[in-house]
Amino acid sequence: LSPGGGTPAGTVQFYIDGSPFGSPVTLVSGTAVSAETSLLTLGNHTVTATYAGNANYTTSSATPITQKIVTGSASEEITPAGGTLTYHSVMDGKPVTTTITVPAGAVSETIVLVYTEIPPLEPGLVRNSLLNPPDGMKFAVNFTLQVYVNGVLQPTYSFVLPVSVEMEYNGNGWNESTFTVAAWTGSVWSTVGIGIVDRDLENDAITFTIQATGPSEFALMGNKGYKVFLPAIIRP
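Residue numbers (the numbering used here): 45 to 280.
Among these hints, one or two may not hold up.
Derived pair list, reagent style SDA-like, types lysine to any residue, alpha-carbon separation capped at 25 Å [as the list claims (entries may be wrong)]:
hint : residue 1 : residue 2
1    : Lys138    : Ile240
2    : Lys138    : Thr110
3    : Lys138    : His89
4    : Lys182    : Gly269
5    : Lys182    : Ala249
6    : Lys268    : Ile238
7    : Lys138    : Glu261
8    : Lys138    : Asp242
9    : Lys138    : Glu161
10   : Lys268    : Glu246
11   : Lys138    : Met181
12   : Lys182    : His132
13   : Lys182    : Asn247
14   : Lys182    : Gly230
15   : Lys268    : Thr224
Don't read these hints as lab results, they were simulated from the structure.
All chains, full assembly: derive it from the sequences and hints.
See the structure below:
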């Protein structure tokens with residue numbers, strides 16, 4: 045922008061949903077590229093940028109754009125010393141976080157662990173799974189857990205030690221005491237190799253362990269809650 049002259053230099057500050065995203069980025073050959081992020085939750089996000097200007101160019105702000113996250117995944121390199129993968133999402137309007145902890149000694153080589161959520165479809169927030177839950181159950185969260193070694197997907201991968209998964213959820217409308225975690229073996233839902241460690245009903249979180257990533261899909265499932273209405277008695 046005026047007065048102009050030469051290749052623009054200076055910095056650009058990126059914003060996501062109105063908040064600064066990282067530190068100002070220095071222009072290289074007139075271009076600024078934001079850092080990568082895996083922390084955006086499912087849904088729409090507003091992205092914009094502000095140019096700070098310099099001696100030859102005045103400040104300016106970009107027209108906001110909308111970025112829709114329609115599928116969610118997060119990956120993390122895990123070494124034999126262990127590691128943690130964190131995934132942020134939204135369940136029925138509530139921000140939730142899934143934290144996967146791989147203890148030291150659980151893997152004997154460096155791997156890349158990939159968590160992918162199978163998101164709900166709109167409207168109605170029906171889980172977008174090609175599978176059906178057991179009779180009487182409903183899917184709350186569907187996901188896959190995959191392992192890559194040297195860039196190659198391992199169709200089946202067994203951990204030396206169990207991997208811990210702490211999953212937050214939105215408990216509204218659910219009978220949380222019925223929640224269980226199962227894996228699709230290709231023919232049935234199975235809880236073999238999965239152990240529920242803790243049910244934190246107060247904070248809407250469940251912690252469980254997984255021994256292997258061979259199943260095609262995992263699911264947190266349970267029964268919907270019931271509301272009881274007491275009759276009102278009006279006396280004259």
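Requested in this report: Would you list, in rising numerical order, the hints stated earlier that this structure does not obey?
Outcome: Structure breaks no hint.
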